[in-house]
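From first to last, the protein sequence lines are chains L, Z and R.
No gaps in the numbering here: position 41 of the first sequence is 41 in this note's numbering, and each next residue is one more.
With the second sequence counted from 1, adding 1000 to any position gets you this note's numbering.
With the third sequence counted from 1, adding 2000 to any position gets you this note's numbering.
Hints listed in this document are in silico derivations from the structure and should not be mistaken for laboratory results.
Glycine is no exception: its CB is placed at the ideal position from the N, C-alpha and C atoms.
Any given hint could turn out to be false.
Lysine to any residue pairs mimicking SDA-like chemistry, simulated, CA-CA at most 25 Å apart [as the list claims (entries may be wrong)]:
(1) Z:Lys1044 / L:Ala219
(2) L:Lys11 / Z:Ala1382
(3) L:Lys114 / Z:Lys1043
(4) Z:Lys1044 / L:Gly41
(5) L:Lys11 / Z:Gly1387
(6) Z:Lys1044 / R:Ala2124
Sample of chain L residues lacking proximity to chain R, with all beta carbon distances greater than 12 Å (derived) [stated by the list, open to error]:
(7) Asp31
(8) Glu33
(9) Asp221
(10) Asp232
(11) Ala314
Here are the computed distance ranges between Cβ atoms for each label pair [said to hold, decoys possible]:
(12) R:Leu2116 / Z:Leu1020: 20 to 28 Å
(13) Z:Trp1053 / L:Glu274: 39 to 47 Å
(14) L:Asp232 / R:Leu2116: 36 to 44 Å
(15) R:Leu2017 / Z:Asn1217: 52 to 60 Å
(16) Z:Gly1045 / L:Lys252: 21 to 29 Å
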Amino acid sequence: ATDWNASVWGKRRAFTEHVEKIAELVSEKTDGEFTINVSYGGLSKNRENLDGISIGAFEMAQFCAGYHPDKNRAITVLELPFLGVSNLEEEVAVSKAVYDHPAVAEEMAQWNAKMLMTSPMPQYNLVGTGDPRTTLEDFDGMRVRATGGLGKAFEAVGAVPTSVTSSEAYNAMESGVVDTVAFAQHAHLSFGTINKADWWTANLNPGTVNCPVVVNIDAYDALSDEEREALDSSVDEALDHYLANYGELLKKWDSILEEKGVEKVEFSDDVIAEFKEKAADPAREAWIKEMEAQGIPGQELYDLVMETLEKERASN
Amino acid sequence: MDPIEIGLWVSAGMMVMVILGMRVAFAAAMAGLVGLIWIFWAKKGMEWDQLGWALTVAIKTAGQVPHSKVSSQTLSLIPTFILIGFLAYYAGLTKALFEAAKRWIAWVPGGLAVSTVFATAGFAAVSGASVATAAVFARIAIPEMLKIGYNKQFAAGVVAAGGTLASLIPPSAILVIYAIIVEQDVGKLLLAGFIPGAFSAVVYAILIVGIAMIWKNVGPPVGGFTWRERFASLPAALPIVAVVVIIIFFVYNPFGDAWGTPTEGGAVGAFIVFCMAVFRGMRLAELKDALLETAKLTVMIFTIIWGVLIYVRFLGFADLPGAFADWISSLETSPMLILICILLAYAVLGMFMDAIGMLLLTLPVVYPAVMALNGGEMVSAADSAFGMSGPMCAIWFGILVVKMAEFCLITPPIGLNCFVVAGVRPDLSVQDVFRGVMPFFVADGVTIALLVAFPQIVLWLPSLAG
Amino acid sequence: MAGSSAVLEDSSLLSRLDRGLLKLETIFALVSGIAVFMLMVLAVWSVGGRKFFSTPLAGYVDWIEAAMPFIAIMGIAYTQRMGGHVRMDIVIGQLKGRALWAAELLSVVLILLLMLALTWGAWAHFDRSFDMTKPLWSRDSSIDIGLPIWPSKLVVPLAFGVICLRLVLQIWGYGRALVLGLERPVAVPLVQSAAEQAMAEAEHLDGRD
Ligand code: NA
Ligand code: NA
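Chain L with its partners taken away, still in its complex shape (with noise of 0.2 Å):
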């Protein structure tokens, strides 16, 4: 038999189902010979999954791009702001792209990890306080929780990141420590920012986070034949079960919208243009610039999103 550990964080939620689902096929499949065990926190800090898959301390781990840049700055380039990713399944096409992506892969087996599958997020759209924010002015001064591009992003319209921790993110915008937070949909409902929120964000679209789940390699070849085929074959369905029950939660946004009263925001295309224009393209240019003084292929694993977004748009 052979049993795996997998390190997540927080509750179980919408952005571990499918860690949970992998669990049950895998066991399922195997006769309950490979099971894998799903821990929230309890074997490492979520910032350091990537250090213990490097260990050898649990078998398989998810974690955040935007936690730790330095570590896997290849894959950074999902976390780029306004890349066009308008759902959660070109979310997965692209992942998918650039995980298999010999860089990325490399980077990753510096820390004895293999990537598996991603955990595709929604656009990370703004609930705010006070009156709602329409035009790039209003953006001036405004106080935002957002991390990593996507607090660059808004810093290059006069907005000011400021920096909390996501559980500490509903006091502060309580306090006033903050006026905006940005957050995917389950996130603003399970740290409370939405009983808070006068309004949201509905087409800002301003990018997302990437978190993989990521396997340790001296686990994935241990695996027997017949353990490698139901871990390899059940990441499809995991996914598809983690799209179903966001999907699911999606469709209920409106009515919990509705219900909180909150009021939707969307932004003209214009605005939208011009926030692009200022925000993306020098943040791109610089990313790409960083990325290749350190040989890491910057221009490629940009055009390689870029064409799969196409192909993705393409096929359907």
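With chain L held as given, fit chains Z and R with the ligands onto it using these hints.
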């Protein structure tokens, strides 16, 4: 051997090491490391050629914990609170507080004793540590009480008991530690301590007035202060008010204006006390002394924190807390009875152990069990065993446990506050202080019973904060 | 619950080494204390900047997290020298003479084994975040402003290295006391009764109120 069995053996081994006098932090870390080695090795079937692998993985896993766990913004409250306490001595806040309390409330029966209780409560609002509070007031308040003919045992008891208020009334290092271990909102927990702390002070005061009215010689009232004198005593005590106001503003902004997080509130409070100390003529050498003392106390607390968290990391791999919670919630006994047994167990343990060490060692296992008892972390008030939601239960249990730990500071055989008071006063033996503090056992018993019976006392303020 | 304890001194090599190491430990502890002070200043700056000048301090949380290992760990050897790490002395406080020194010796030997292992583990933790070929030598960075994390990770094995030296001296001290059957050995913290401790605590507070 299955992981839970390993968990039990290692936990038992840790208790033995602690009882035999190994430094708590290192005993916990040792238990955690040995446990990790054991569990990784067991995973590889205890083959001899796998022992090296298990050792390496365990040591590297344990070696992450100190850096990983102390790098926390929330934990930065602890050194800040400790620094506030040390700076407060230099700022002369203690004397000023006692003087103000005396002029305003000493006219009641048992007047100076009541003043002492309220002055310690006030000092508690800047000090995070009980023992330091008792030491300071033993030097200021006891001589004044003895001068006007107080029973000396009683005077000592008042100070020893009053000192315990520091850990409930925010800022409180011990409440922050509780919040970290159980991963609850620090702000709400600090807020929750406020009313039970003030409530304890009021219960102490009522007890003193009652005693003074029955036995006239215990503590006569002190009158004769003019209103001018009363108001004159206030400015020197003002920084306390400022710090309290700041902390209230940062924890729960009453006017909806932007201030900051509790962490920042603590630091701004420390800064005000620091300015006060500089204004009162603190020298560089004294500052250096205060910083060294702060460092020593901080490191002591943090070493226990990461030591215990290595043990907790091992527990995560062994899943012992889950198993214990399952066992507790499978018992047929009523949840309230189990909770009371747990509190009584803390009372006994607290007689022999330091409060912070005791909480850190036991909470990783006991806390999930209590939450399971109530119906789970996410339970609603309607479905719960104690009539409160999961997060509220976490706050309530935290305050109960901290009050219990404080109670143990004045119980024999090693109630530390009593030793400190006796240490400061050469004319008092430890037995004298224990005898004098006895009535306060009753007061604390009443307080704890009321907090158990009426959780609203604890939960009203934090529930306002959303 | 032993807090501080007394450490005796004389002119022996052991005692001179003890005092020499104490100087290093004191510097480390002072760094820790100064870092606490800076933490306070940083918060005032952050709040003031946000509240009054609308210019919040960028990466406030990242800076605090980077400072915490200095605050929480650098003084570990100083605290061990002073006997400041808490323990239950209800059993060990009853022991006298050689039995006491044997118990103390066993305890510090175990702690040394533990700390050697943790020094290695903490070094490995640092080593994973450090890469000379990368910009700022960084292979692990903070969440908001991308601060390299290796400097604060390096603090841990450094401080642990110093406490290992301290433990070696204490093994020497207790071992010598055990072999020679000493009453009051130098260079090791001596067990104090609760009353003695309280007295020391009270003296410490003298002149402060
Ligand atoms: Na306090
Ligand atoms: Na005495």
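Please list, smallest to largest, the hint numbers that this structure does not respect. 13 and 16
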